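If you're matching them up, the sequences are chains A and B in order. Adding 49 to a residue's 1-based position in the first sequence gives its number in this note's numbering. Adding 1159 to a residue's 1-based position in the second sequence gives its number in this note's numbering.
Since the hints were derived computationally from the structure, they do not count as laboratory data. Here the structure is a predicted model, which means the values were calculated and not measured. Please note: incorrect hints may appear among the correct ones.
Just a few of them, taken from the derived set where beta-carbon distance is under 8 Å, the chain B residues facing chain A [what the hints assert, rightly or not]:
1) 1257
2) 1296
3) 1311
Here a beta-carbon is modelled for each residue, glycine too, at the ideal position from N, C-alpha and C.
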Amino acid sequence: MHGELSTTSAAGWLGPDPLADMPDADHRTSARRRHANRGSAVISLNLTSMIDVVFLLLVYFMTATNFKVGEELYRMDIPARGVAAAPDPFQLENEPLRIRVATAGRIDSAYRLRLEPATRQPANFEQLHEQLHSLHVDQGGWMVSDDPIIIEPTATTRWLHTMAAYNAAARAKYTNITFGAPGG
Amino acid sequence: MSDLPMMHSRRQPVRINANLTPMIDVTFLLIVFFVLVSQIVEVENVQMQLPELPDPASDTPGEEQRVVINIKPALDSSDALEYTIGSIAFPPGEQSVPAIAQHLAGLYRKNPSLSVNLRADTHTHYTWIEPVFRAIAQGAALAGDETAAARVNLVIIPED
């Protein structure tokens, strides 16, 4: 009879029945059932809700993250003010070209420009660019690319207008462009 | 005929299991990436309206070492609210020039070829921006390194 009880349990255990020596038949049966149930128990974790939340977080961060798309740079060296460089006695001092720019209203197109020295004044940034372009030595003018250009905004000049003046000079292939102190 | 019920009884129940562990791993990595990137970008990339210029002769940002100074605009005015370098904030105007210069000098000592990216709102008045130029120049001078040059990158957006 012992041989009949040596069967495979639910857990896959093979060998002599450990319950065979138990005296009472009922006890044997119930203990065997408990043993079998314990072997087939599967512990499972329901991951569905966690994956839902994780994907929601992923979608949120993907949509909320703003990368610096489309930003560009103008590279400018700032001269140290108040620190006089040793003058070169053989070089003629180059008088800088000055662009005065002032905001004249609340709208973007409201501004005033003044170019010094110049015989005619530009009415807008496009005309400023054309004038600076025509002054370049490549176009028959008297200025080379690294001749100094100083942009002089007033204290209340908007950054847009300041940068538009800078852009007009940079587009005309000038490289030595700096900003002056805020004028009146 | 007698084989049919036997075949039916032998068929085991089919359980399809998907191993979700690698997917959860990758998903968590993506979340960590986006959380970190969004924090870094938010610190450096303060929300403002940058100057939008037509046909600019500007460059695309390179891989050079740089520090970003944001001139945060005040709400509904052309004033500045504060200057920020990373998570450090300075009050706007002349009063912050020495503090910003000292901070930048420390950065220039570590890296003399450092570039400073300047981000300012299109409506901000020049009077709030010019002190930052002076602070950058003073910072480079304070660093005491001859190779430290006050280089500033003016950040704009090209017009479509």
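Problem set entry | Hints violated by the structure (listed by number, smallest first) | 1
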